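Asks: If you read the sequences in order, they're chains P and W. Be aware that the first sequence starts at 1, since it is given in this note's numbering, and climbs by one per residue. Be aware that the second sequence starts at 114, since it is given in this note's numbering, and climbs by one per residue.
Simulated from the structure, these hints should not be mistaken for lab results. None of the values given here were measured: they were computed from a predicted structure. Note that beta-carbon positions come from the ideal geometry of N, C-alpha and C, so glycine has one too. There's no promise every hint is true.
Cβ-Cβ distance ranges computed for the label pairs, FRET-style [stated by the list, open to error]:
#, chain 1, residue 1, chain 2, residue 2, range
1, W, 194, P, 81, 42 to 50 Å
2, W, 208, P, 51, 38 to 46 Å
3, P, 96, W, 195, 30 to 38 Å
4, W, 135, P, 40, 16 to 24 Å
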Amino acid sequence: DAGVIQSPRHEVTEMGQEVTLRCKPISGHDYLFWYRQTMMRGLELLIYFNNNVPIDDSGMPEDRFSAKMPNASFSTLKIQPSEPRDSAVYFCASRLASSYEQYFGPGTRLTVT
Amino acid sequence: KQEVTQIPAALSVPEGENLVLNCSFTDSAIYNLQWFRQDPGKGLTSLLLIQSSQREQTSGRLNASLDKSSGRSTLYIAASQPGDSATYLCAVRNYGQNFVFGPGTRLSVLP
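Just chain W, with the same shape it has in the complex:
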């Protein structure tokens, strides 16, 4: 059974810093991995989707990497802004299965 963990559970950084959020999964035979953002009281917004054949995906200041062999993905946020404050969740999908979500990392970017 796939298990997804995210470290750290919470992170607070000053505005302008580059930061990395981590996601680990136990079953490396994944189909794809997706990073989401969740604002308080809101639904999830898709940020990046990485297929199993890909190593990374980039969108603006965000870069997500995937290392299937080690069961890890990272979300890199460059030049963080207060508007980036949210909870970031990674979700992993194995072949023939549905997404399994991590517990999330709560990010606070201080002005």
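If we strip away everything but chain P, and leave its shape as in the complex, we get:
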């Protein structure tokens, strides 16, 4: 398996623009997680899905953030409008329901100017 795939790997955008981050989990995994990592706050869970259904989005910082999982092999994290303080590395992770080990993607480094 190719592991968790994220795209783009790097994104530079101007404040106010819409940003869409994409994730393909490992095939067969039941859970999908979106994390954000910054120097100041470390790694934070934003939202997670179980069988494509959002379970807990309490980590989503504001209404500007939204996430979807239209099918078992694809998820998006959208920021609209983006702000400079959204600059961070965004990770997607997935796991099986029968295991507690999470597998992380390489991350998307977002820079909002």
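Position chain W relative to chain P; hints supplied.
Replies: Quick look at chain W alone, frame taken from chain P:
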């Protein structure tokens, strides 16, 4: 609310040394604890997962221990190598909750 801390924040050792990384958590009613490695600009790689009923897990030169009563876990790395240089994060999961990550320890192993 679970809080996870890691000491030291950074560590530099000569190649060949044995070393210990520390992880502390405030809520001892955990479900499991996982150690990750993160290389610069990369994602996280799972190293070891310890269930709440376990005291330790071993994988190669790595050994992770868990003491729930004191709210601590240690990651022991034997015979360190320059390739071990990375940031090591511990993550703690309570029942019905998701992982809470520590800030990480940045390890440098000097050749």
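Asks: CB of residue 208 of chain W to CB of residue 51 of chain P, is that within 38 to 46 Å?
Replies: 21 Å, violated
Asks: Take a look at whether the Cβ-Cβ distance between residue 194 of chain W and residue 81 of chain P falls inside 42 to 50 Å.
Replies: 46 Å, holds
Asks: Return holds or violated for the Cβ distance of residue 135 of chain W and residue 40 of chain P against the range 16 to 24 Å.
Replies: Taking Cβ atoms as reference, residue 135 of chain W and residue 40 of chain P lie about 22 Å apart, which means the hint holds.
Asks: Between residue 96 of chain P and residue 195 of chain W, does the C-beta distance stay in 30 to 38 Å?
Replies: The hinted range 30 to 38 Å holds for residue 96 of chain P and residue 195 of chain W, with Cβ atoms some 34 Å apart.
Taken one by one, the earlier hints fail for this structure only at number 2.
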